[in-house]
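J.: Keeping their order, the protein sequence lines are chains P and L.
Residue numbers for the first sequence follow this note's numbering, so the first one is -17 and each next one is one higher.
Residue numbers for the second sequence follow this note's numbering, so the first one is 58 and each next one is one higher.
Because the hints were derived from the structure by calculation, they are not lab data.
One should not assume that every hint holds.
[What the hints assert, rightly or not] So the derived label-pair ranges between C-beta atoms look like this:
#, chain 1, residue 1, chain 2, residue 2, range
1, P, N14, L, I170, 42 to 52 Å
2, L, W78, P, S(-11), 34 to 44 Å
3, L, E208, P, V13, 31 to 41 Å
4, L, S294, P, T(-8), 48 to 58 Å
It should be emphasised that the depicted structure is a prediction, and the values quoted were computed from it without experimental measurement.
Backbone N, C-alpha and C define an ideal beta-carbon position, used for all residues, glycine too.
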Amino acid sequence: MAAEQTSTLTAFYATLKRDLLIAFKRKNDVVNPFMFFVIVVSLFPIGISPESDRLSEIAAGVIWISVLLASMLSMDNLYRADYEDGSLEQLLLSPHPLFFMVLAKNLSHWLVSGLPVVLVSPLLAYMLNLPEEAYTTLFCSLLIGTPIMSLVGSIAVALTVGLGSRGLILAVITLPMSVPVLIFGTLSVQATLNAASPIGLLAIMLAMLAVAVSLAPLASAAALRISVN
Amino acid sequence: MWLWFSKLGSPKWFYDLSGKWLPWLIGAMVIFLTVGIVWALLFLPPDYQQGHTSRILIIHVAVAGTSLVFFPLMAVAGVITMVWRMKLADMVAKNAAPIGAWFSFLTLATGSIWGSVSWGTWWEWTDARLVTMLFQFFLLLGVISLRSALEDPDKAAKACALLSIVGLINVIAIKYSVEFWNTLHQVSSSVSFSSDSPNGPEFLIAIIIMLIAVYLFLSVCLIMATRNEILQRERRSQWVQNLVRLS
């Protein structure tokens, strides 16, 4: 069999490339979470207050929570299409460790839905009147935080992939789990605003990312094996 | 030891054994609950600062202490389900989730009632324990809703086992991050237990009695629910049908 001769690294890149290709051919899946994020953020000034002082106070929290919701919504098509057309089963049967295949899928999901949101966040921060010195911290904290959310959310998606109508169950499972990331993400921005160094908080987030990268795909892989049998 | 372990996994053996234990457990529960409640609500001297409100605290502390057990319990049951495929562990985990959610809710409710008098507010975001308990409650609801969404019981057992293990790690992460978050926000001085310390030993003894009572109550609830579950899942087996015919 040819598959046994390919290295795990080749399989990793192949999965990553395949997922990215599929994502760019179905532009809706890529654009919708992004649009959702931008729209939700722009609703807050209307709902709370157009005064720039009050907005700058809540800006970091609003952006973080909107990112959380957007990443959760985009999660839905992480494994679903593959589950429906049977390619997920092929992935489970492949001789390569499922850990790296899951990691490749998570990485491609983050590149497609997480990264654009992070890139546009300074613009939205400007619209919400976040003080300028906090831009870098917000950007960095989101850059570290969004992959954590993708990795943790992936577990819940993998657990519910076989369900016909999962509705809001994904949100009920995932959102409480993102509390630690949310706390450190917004705290690091607050620290910058109070003229303190956010490096320590960002380092803790990096540590969380390291733990998530090494453990979450393990749980996702186990969850996929439970859901698909 | 392994024989004992595999015996414990057999639902029939557990059903018989728990049937023998249950009257004793219920008896002990009734004694401890009565002593604990009557003493706490009628005879305990009122706190010199909080007055009679401190009586709520005895029930609150007991329930809160007990509600911390559920995620570790479910995670251990989850490991047993995943590794040894023991059905009994899943039956316990299944019934532990709703009971745990109820205990968490009771903790929040009694805490709020006490807080409304002592702290002057029903809810306080600056208290780490409140926020952690709230999210533990949410995570337990997540486990319950996952269980009810998956129709295949075998798949539901494994999925919930995995989610409980992930959930335990998460509850610990939430606990420490919320505490960290709170030390950066200033904790108001009223939010501390130090006002209880000059209360002398009666208070502590009442809490210990109440804690034992609530643990017994929890065990009785869990055992009865598990026995129910056993009868339901094993309804096709011979011994359950004999049991039903006899009664």
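J.: Work down the list of hints and note, for each, if the structure agrees.
T.: Now for the hints, and whether the structure bears them out:
1. The beta-carbon spacing between N14(P) and I170(L), approximately 45 Å, falls within the hinted interval of 42 to 52 Å.
2. In this structure the hint that W78(L) and S(-11)(P) lie 34 to 44 Å apart at CB is violated, the actual value being about 57 Å.
3. The hinted window of 31 to 41 Å between E208(L) and V13(P) holds, with their beta carbons roughly 34 Å apart.
4. About 51 Å separates the C-beta atoms of S294(L) and T(-8)(P), a value consistent with the hinted range of 48 to 58 Å.
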